[in-house]
Structure formats: structure tokens, C-alpha cells
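Enquirer: Sequence:
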Amino acid sequence: MKMLLPELWAFITGRTNHPLYRRELSGWAYLRFWRKLRGGCLPLLAVGTFVVSALCGMLTMLSVGGTSSEGWLIAMSAALVALFFTQGLIHWLLGLLATALTATVISAEVEAETYKLLRVTPLSAREIVLAKFGAAFRQLRDPLLFLVALRLLLVGGTVLTLTLSLTTVEGATPSVVLSDVPSVSPSVVLLLLDVLSVGIVGLLWLLYYLLRPFLSILLFSAVGMLGSSLARTRVGGLLAAGGLRVALGTAGYVLSQVVSTILSLTLGPFLAFNGPPSWLQALLVRPALVVLGGAGVGAVWLFVVMLFQIGLVTLFLHTAIRRAERLPYG
1216 MKMLLPELWA
1226 FITGRTNHPL
1236 YRRELSGWAY
1246 LRFWRKLRGG
1256 CLPLLAVGTF
1266 VVSALCGMLT
1276 MLSVGGTSSE
1286 GWLIAMSAAL
1296 VALFFTQGLI
1306 HWLLGLLATA
1316 LTATVISAEV
1326 EAETYKLLRV
1336 TPLSAREIVL
1346 AKFGAAFRQL
1356 RDPLLFLVAL
1366 RLLLVGGTVL
1376 TLTLSLTTVE
1386 GATPSVVLSD
1396 VPSVSPSVVL
1406 LLLDVLSVGI
1416 VGLLWLLYYL
1426 LRPFLSILLF
1436 SAVGMLGSSL
1446 ARTRVGGLLA
1456 AGGLRVALGT
1466 AGYVLSQVVS
1476 TILSLTLGPF
1486 LAFNGPPSWL
1496 QALLVRPALV
1506 VLGGAGVGAV
1516 WLFVVMLFQI
1526 GLVTLFLHTA
1536 IRRAERLPYG
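Just add 1215 to wherever you are in the sequence shown, counting from 1, and you've got my numbering.
Since the hints were derived computationally from the structure, they do not count as laboratory data. Hints may be right or wrong, so weigh each one.
Said to hold, decoys possible - Simulated restraints, written as ranges between beta carbons of each label pair: (1) GLY1417 <-> ILE1525: 21 to 27 Å; (2) GLY1229 <-> LEU1407: 42 to 48 Å; (3) LEU1304 <-> VAL1512: 30 to 36 Å.
We treat Cβ as the ideally placed atom computed from N, Cα and C, and that holds for glycine.
Based on the provided sequences and hints, a complete structural model is requested.
Expert: What follows is the structure, encoded as C-alpha cells:
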């Protein structure tokens, strides 16, 4: 199972020297409807995103009236909100499409009775599953890159809007004399550590936000691949993958509720009756240490989230490979 991740990376980045991978890509290219749909996908997504964001911005500006700086800021904020929901909708649709594409790659071979021919070739079941998985994931590469560009535009627009808002507020606020502000002498070392740690963790979370669509599409594709290995027809593969998606979403919701309930039942009464412990009280009077600890917790949480997602992808593909080893007779 350790060697699964390097092989998976080789196939999703394009292992063009593999015969089955090339066969799968040429098979997708032969489908005229899919070729036309994929060719018009990016222009349609780009035009739809621009139209929705522009309409929200213009309608908001008309509702507030005028073309003052405040009106422009409100319009930009409305356009960013529209862009946020639009990219979320695209992300959701790509997740459904990823599951649907991979849900039939093995079950269709079993239904057409051609999978047994693949099993008598020198290719192992691992290569068959990963080659089909990589070829199906390749079909979603361009929409995924567009989604990452949208998220980058959303982050840049948010930073620009906040900067302009602060500039407008500072221009309308009377200046404060520095001599009137009480002097504060924090530890320079802790201050530098705070700035450095928060900056590094913030950049890591930003990178995760931009690359999260790739991880989620990998996960949804792995769910579809597992569903395809459990079925013997195209329809059965779609139904199995859909059931696995529902089960995965339900399990995630239940797990989040269990964790939040355990935390509230454990920490709530303790803090209500006993108050914060002495070490926490001593920590709260030193904000620099609180910020440093929060940055550390954020880094650990990011590592756990990414490890959990990659672990699920590996587990689903490993299970699909084990199932594919027993097909078409098992």
C-alpha cells in the first residue's frame, strides 16, 4: 500500500508510456459528445462566472445609488460574494462529474465482457485500476485549473477590497497623535515569531484553499472507482458510487457532530464550574504566546486534514484494486 501513492501520482500527472492509459485517453477522444462538451466547458464556465459576478455588482451599485467610492466598494463586495458562490457551485458539479466518470470505467468493461481480456494481459489489477483512474481524472484537468484560477481571483479581489476599504476608512478618520497612544514594549523575539508563524501558516492554508479542489476531486473519483469495482453494469456502478457518496457525506456529518458534542460536554462544565486552569490564565495575559500557539494548532490541523483526505483516497483505491483482482468471476 505504500507504493500506491507514487504510482497514483505517476498516472494522474500523465503516464503516457503506459499502453492502457493511452488506450483510455483515445477512448475518451472518440466520444464526439464528450469532446464537444469538454471543449466548450471552459468558455461556458468563464462567461457564466463573469456574467453572474458582473450582474451582482451592477445591481448592488444601482440599489445603493451613486458611483461614490463606498458604492464601488459595496459593488466589488457583492461581485466577490457572487464569485464565491459560483466557484462553490462549479466545485460541487465537478465533484458529481468526477464520480460519474469513474463509476463506469470498470463496470462497463465487466458488462461488455472485455475485462477478462485485460486480466489475461501482463497488466496487473493495480495498473488497470490506476490507468483508468488517471485517464478519467485527466478529463477534468482543465475545469480544475479554471476553478483554481477562480479561487486565486477571489483571494486577490478580497485582499484588494479590504485594502481599499481600509484606505477609505483611514481617509475619513481623524489622525491619531502617536504621543497619545500608550507605549507598549512587547518582546521583540515573540513578536517576530508571531509574525513569522502566522505568515507561514496563512500561506499554507492559502495554498491548501487553492489546491483543495484537486484533493476533493481525487477523493470523489476514488469513490466512483470503488463503486465501479463493486458493480457489473454501468447503471450498477453509478448507483453504487452514488450510495457511497451519500454514505461518505453522512459519515462526515455524524463524525463532526460527535466531535463537537464531546468537546462541548468535556470543556463546557469544566470551564463553567472550575473556571480556566491556572496555566491558561497565565497564558491569556501574554497575547504573543496565544498567537504563537494558535498558529501551531492551525498548522497541525491543516496537516491532519490533508492526511485524512489522502488516506481516504488511498483506502478507496486500495479496496477497488483488491476487488478488481477478483473480477470478473469473484
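Enquirer: The structure should be examined with respect to each hint, and the outcome stated for every one.
Expert: We went through each hint and held it up to the structure:
1. GLY1417 <-> ILE1525: 21 to 27 Å: Between GLY1417 and ILE1525, where Cβ atoms are some 22 Å apart, the hint holds.
2. GLY1229 <-> LEU1407: 42 to 48 Å: 43 Å, holds
3. LEU1304 <-> VAL1512: 30 to 36 Å: At roughly 31 Å between Cβ atoms, VAL1512 and LEU1304 fall inside 30 to 36 Å, so the hint holds.
Going through the hint list in order, the structure satisfies each hint without exception.
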